[in-house]
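Enquirer: Go ahead and model the full structure; you've got the sequences and the hints to work with.
From first to last, the protein sequence lines are chains A and B. Positions 1 to 445 (the UniProt record's numbering) are the ones given, in order, by the first sequence. Positions 1 to 445 (the UniProt record's numbering) are the ones given, in order, by the second sequence.
Hints are not guaranteed to be accurate.
Since the list can't tell identical chains apart, any single copy or any two copies may satisfy a pair.
Cross-link-like lysine-lysine pairs, in silico, DSBU-like; alpha carbons within 30 Å at most [claimed, not checked]:
no.: 1; residue 1: K229; residue 2: K176
no.: 2; residue 1: K298; residue 2: K321
no.: 3; residue 1: K431; residue 2: K298
no.: 4; residue 1: K155; residue 2: K28
no.: 5; residue 1: K103; residue 2: K155
no.: 6; residue 1: K298; residue 2: K12
no.: 7; residue 1: K321; residue 2: K141
no.: 8; residue 1: K155; residue 2: K176
Calculated directly from the structure, the hints in this document are not laboratory data.
There are 2 protein chains.
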Amino acid sequence: MHIILLSGGSGKRLWPLSNDIRSKQFIKIFPGPEGEYESMVQRIYRQIRSVDPDATVTIATSRSQVSAIHNQLGDQVSVCVEPCRRDTFPAIALACAYLQEIKNVDADEAVAVCPVDPYVDTEYFEAIRDLTQQAEHGAAKLYLMGIEPTYPSEKYGYIMPETTQAVSRVSAFREKPGREEAQAYIRQGALWNGGVFVFRLGYLLEKSHALIDYADYADLYARYEELNKISFDYAVVEKEPDIQVMRFHGRWMDLGTWNTLTEVMGETSVGNVRMNDNCENVHVINELSVPILCMGLKNIVVAASPEGMLVSDKEQSSYIKPYVDDIHQQVMFAEKSWGSFTVLDVEDESLTIKVTLLPGHRLHYHSHAHRDETWTVVSGEGIAVVDDAEIVARAGTVLRLPAGCRHTVIARTGMTLIEVQMGKGISVEDKLKYSLEAKYGKHRS
Amino acid sequence: MHIILLSGGSGKRLWPLSNDIRSKQFIKIFPGPEGEYESMVQRIYRQIRSVDPDATVTIATSRSQVSAIHNQLGDQVSVCVEPCRRDTFPAIALACAYLQEIKNVDADEAVAVCPVDPYVDTEYFEAIRDLTQQAEHGAAKLYLMGIEPTYPSEKYGYIMPETTQAVSRVSAFREKPGREEAQAYIRQGALWNGGVFVFRLGYLLEKSHALIDYADYADLYARYEELNKISFDYAVVEKEPDIQVMRFHGRWMDLGTWNTLTEVMGETSVGNVRMNDNCENVHVINELSVPILCMGLKNIVVAASPEGMLVSDKEQSSYIKPYVDDIHQQVMFAEKSWGSFTVLDVEDESLTIKVTLLPGHRLHYHSHAHRDETWTVVSGEGIAVVDDAEIVARAGTVLRLPAGCRHTVIARTGMTLIEVQMGKGISVEDKLKYSLEAKYGKHRS
Numbered sequence: 001m002h003i004i005l006l007s008g009g010s011g012k013r014l015w016p017l018s019n020d021i022r023s024k025q026f027i028k029i030f031p032g033p034e035g036e037y038e039s040m041v042q043r044i045y046r047q048i049r050s051v052d053p054d055a056t057v058t059i060a061t062s063r064s065q066v067s068a069i070h071n072q073l074g075d076q077v078s079v080c081v082e083p084c085r086r087d088t089f090p091a092i093a094l095a096c097a098y099l100q101e102i103k104n105v106d107a108d109e110a111v112a113v114c115p116v117d118p119y120v121d122t123e124y125f126e127a128i129r130d131l132t133q134q135a136e137h138g139a140a141k142l143y144l145m146g147i148e149p150t151y152p153s154e155k156y157g158y159i160m161p162e163t164t165q166a167v168s169r170v171s172a173f174r175e176k177p178g179r180e181e182a183q184a185y186i187r188q189g190a191l192w193n194g195g196v197f198v199f200r201l202g203y204l205l206e207k208s209h210a211l212i213d214y215a216d217y218a219d220l221y222a223r224y225e226e227l228n229k230i231s232f233d234y235a236v237v238e239k240e241p242d243i244q245v246m247r248f249h250g251r252w253m254d255l256g257t258w259n260t261l262t263e264v265m266g267e268t269s270v271g272n273v274r275m276n277d278n279c280e281n282v283h284v285i286n287e288l289s290v291p292i293l294c295m296g297l298k299n300i301v302v303a304a305s306p307e308g309m310l311v312s313d314k315e316q317s318s319y320i321k322p323y324v325d326d327i328h329q330q331v332m333f334a335e336k337s338w339g340s341f342t343v344l345d346v347e348d349e350s351l352t353i354k355v356t357l358l359p360g361h362r363l364h365y366h367s368h369a370h371r372d373e374t375w376t377v378v379s380g381e382g383i384a385v386v387d388d389a390e391i392v393a394r395a396g397t398v399l400r401l402p403a404g405c406r407h408t409v410i411a412r413t414g415m416t417l418i419e420v421q422m423g424k425g426i427s428v429e430d431k432l433k434y435s436l437e438a439k440y441g442k443h444r445s
Numbered sequence: 001m002h003i004i005l006l007s008g009g010s011g012k013r014l015w016p017l018s019n020d021i022r023s024k025q026f027i028k029i030f031p032g033p034e035g036e037y038e039s040m041v042q043r044i045y046r047q048i049r050s051v052d053p054d055a056t057v058t059i060a061t062s063r064s065q066v067s068a069i070h071n072q073l074g075d076q077v078s079v080c081v082e083p084c085r086r087d088t089f090p091a092i093a094l095a096c097a098y099l100q101e102i103k104n105v106d107a108d109e110a111v112a113v114c115p116v117d118p119y120v121d122t123e124y125f126e127a128i129r130d131l132t133q134q135a136e137h138g139a140a141k142l143y144l145m146g147i148e149p150t151y152p153s154e155k156y157g158y159i160m161p162e163t164t165q166a167v168s169r170v171s172a173f174r175e176k177p178g179r180e181e182a183q184a185y186i187r188q189g190a191l192w193n194g195g196v197f198v199f200r201l202g203y204l205l206e207k208s209h210a211l212i213d214y215a216d217y218a219d220l221y222a223r224y225e226e227l228n229k230i231s232f233d234y235a236v237v238e239k240e241p242d243i244q245v246m247r248f249h250g251r252w253m254d255l256g257t258w259n260t261l262t263e264v265m266g267e268t269s270v271g272n273v274r275m276n277d278n279c280e281n282v283h284v285i286n287e288l289s290v291p292i293l294c295m296g297l298k299n300i301v302v303a304a305s306p307e308g309m310l311v312s313d314k315e316q317s318s319y320i321k322p323y324v325d326d327i328h329q330q331v332m333f334a335e336k337s338w339g340s341f342t343v344l345d346v347e348d349e350s351l352t353i354k355v356t357l358l359p360g361h362r363l364h365y366h367s368h369a370h371r372d373e374t375w376t377v378v379s380g381e382g383i384a385v386v387d388d389a390e391i392v393a394r395a396g397t398v399l400r401l402p403a404g405c406r407h408t409v410i411a412r413t414g415m416t417l418i419e420v421q422m423g424k425g426i427s428v429e430d431k432l433k434y435s436l437e438a439k440y441g442k443h444r445s
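Expert: Pasting the structure below:
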């Protein structure tokens, strides 16, 4: 089967573990099958592979997530990059053009579009596999997944099926209702709209060309910024008379807040955490190396990362957004395709950063106009390139990189560097990139 | 007046702001007269000066606190260093020998001994000034301060005065009683023993020579390790028939736990802290630069430093000690006479440290047998000395210091350095010190 995972959001509601460049789907807090912690995207990717080892998975996302995706899923996963945010219809149109032209998917084959962030079991992807089979062989144009409601939620859209059968034609859609309306819909057999859309690729290509004037994938990509922001529900679903919905009553959780996220954590703590016996219903996630000690807490979530620390009553944690919007600081850590970085220290005219490189990966070959840097290799081995000269880099190697000098490190093994940046107004914008491809092969940012 | 401040303790009860080398008296959380935060020792030192600008203050303490004392009180304060911990009688005997020989205090002059950590107002030191005048002119051998009890505490010793007058002879002492006993004592007019001892210097020198076989200060210092651990109460007070006690009913608080400490904090938070309106009776102290966000908390103390983070119900916070005893990590920050250091990153075979130097101060001239270091100056100016060669050091200067090389930095202005240490089994023990005094003057560690 072909799956398009929509991976969006900047995830302020799970601060300080999510930030402007790490969305919630990349936080590693779910116990994985081999004892390690998985992120949402890693969990879902593993679940899809376990249901269908031959599934092609394409992640539709923004440029800012590409590095984290490659870091967590490896270099083989397909990523369809949106040049900018334009809501779900343009994103799905672009991903479908990508599947047709880059992945050579046939117009008759079914494609399933799913959000990347529901917390589900594998039966969810078994249901999606069934839906793709129905889409390929059935008569309807569009197949949806309807989640059996567990309470009259005001934050989901509702699908009204014609019958109570497992698969039914859709009679109507209802957008986020009030509580009493929601209760009434549920009595009428309504289902939550889980954001899953399944169709034959040709169907969506037709819709795209009907609604957007473009020649091919490259053309669509080039004019992406001009497109209207419009949701797939609004542009396609609500206008399509021929839709079927399949009921799903397996586990389906929307883990958008600390309160809901901690419900599915396998353990009460992740990381260096100590709790006394008087703690009740407390969850602690510590991404720092120093310990967190909790004593006598009740119904509390504690989360710490290089960005900061949250200590919140679990219910209150869903109101976090305005407080986080008010925090203005630079990004303190990020996962990149080549490894990761963490800001260790911020001074007026210097930044100290720890950089880890994955084996076989490298930084961009780059220079800075307004800052000098000192890099000290503290572990691992590789080659540094400084103004086109190669230098063997291993623990103890110190590189002095004055402003203007071109530099990179190509890791042979995993490497760790301490980078001290010095200058006035240090900024991530101050970076000129150069090509090293001729000599060292393709680089993925 | 002459005051000996007894400064002891390693302060695990206020973890993570106190640690093995920073005792609670050095935590800066009390609003000072000029808007800055003061530590307990800074507050008490300022209060003494305001009551008697000519007071001589001598701090009796262990070697591990000397740097922090000079950092917080300046280089002029007298410090009498105990070579090792031997309880209060040896400490007071040593300090009195120090006053006699090093400070030339006359045997007829009165000396007041006070703990460094009660939270008091200036009237406390006015009372001590009165006591020193009584000790110089009065008939009794020893004068104590008796604190009017506010509840039947089980953790203090009680003094039984003969009368209810402001100053009275002492009839008896009672060690930490049970609650009912304490209530009975208080009904009989008992006072808490505040640990203040006032006497003429000659009195204590006599007692010291009677109980310890030593020639002079240097001899006492040299044989200090051989002395028995014995308290001043046990060795002197309980054996002295001629004692007077003065009642004190001003503010006197023992700030030994987070619960009591937060009661006297001027504000509910110190540092980069955000709280929503649903927090009640919450105190947060954040010594990190990244923010702490608290939502919907009640009766909670949060404290964060480079050592770790505590989140505790206020009452539970008094049971912290065994949990902190169980945390084994290196010291992550310290205040030194020359400035301070903070550990930024710990890896198997490297440590990254931020060092700040105060203007005019310098590190020891030293070398390491088993580690290489890279120092990058990120702000300020001074002179680096590397294997006896002088190098101008300013923002951008990088020093590569292989194992065995002698090195130091002498700060002209305030300076900040990032130090990357590399080697197997990095240890603070791996340090050889050399003298630079002939050329650069005396160094204070």
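Enquirer: Between K155 and K176, at a C-alpha cutoff of 30 Å, which is it: within one copy, between copies, both, or neither?
Expert: The answer is within: 5 Å in one copy meets 30 Å, while 61 Å across copies does not.
Enquirer: One pair to classify: K321 and K141, alpha carbons no more than 30 Å apart. Within, between, both, or neither?
Expert: neither (39 Å within a copy, 67 Å between copies)
Enquirer: Cα distance capped at 30 Å. Does K298 pair with K321 within a copy, between copies, both, or neither?
Expert: Answer is both; intra-copy 22 Å and inter-copy 21 Å each pass.
Enquirer: Since the copies are identical, ignore which copy is meant and state whether K229 and K176 lie within 30 Å (CA to CA) inside a copy, between copies, both or neither.
Expert: within (19 Å within a copy, 74 Å between copies)
Enquirer: Tell me, please, which holds for K155 and K28 at an alpha-carbon limit of 30 Å: within, between, both or neither?
Expert: Answer is within; shortest intra-copy Cα gap is 26 Å, inter-copy 47 Å.
Enquirer: If the cut is 30 Å between Cα atoms, do K431 and K298 qualify within a copy, between copies, both or neither?
Expert: Answer is neither; intra-copy 47 Å and inter-copy 47 Å both fail.
Enquirer: At 30 Å max between alpha carbons, let me know whether K103 reaches K155 within a copy, between copies, both or neither.
Expert: neither (35 Å within a copy, 76 Å between copies)
Enquirer: Please work out whether the CA atoms of K298 and K12 approach to 30 Å or closer within one copy, between two copies, in both situations, or in neither?
Expert: both (24 Å within a copy, 24 Å between copies)
Violated hints, in rising order: 3, 5 and 7; the structure is consistent with all others.
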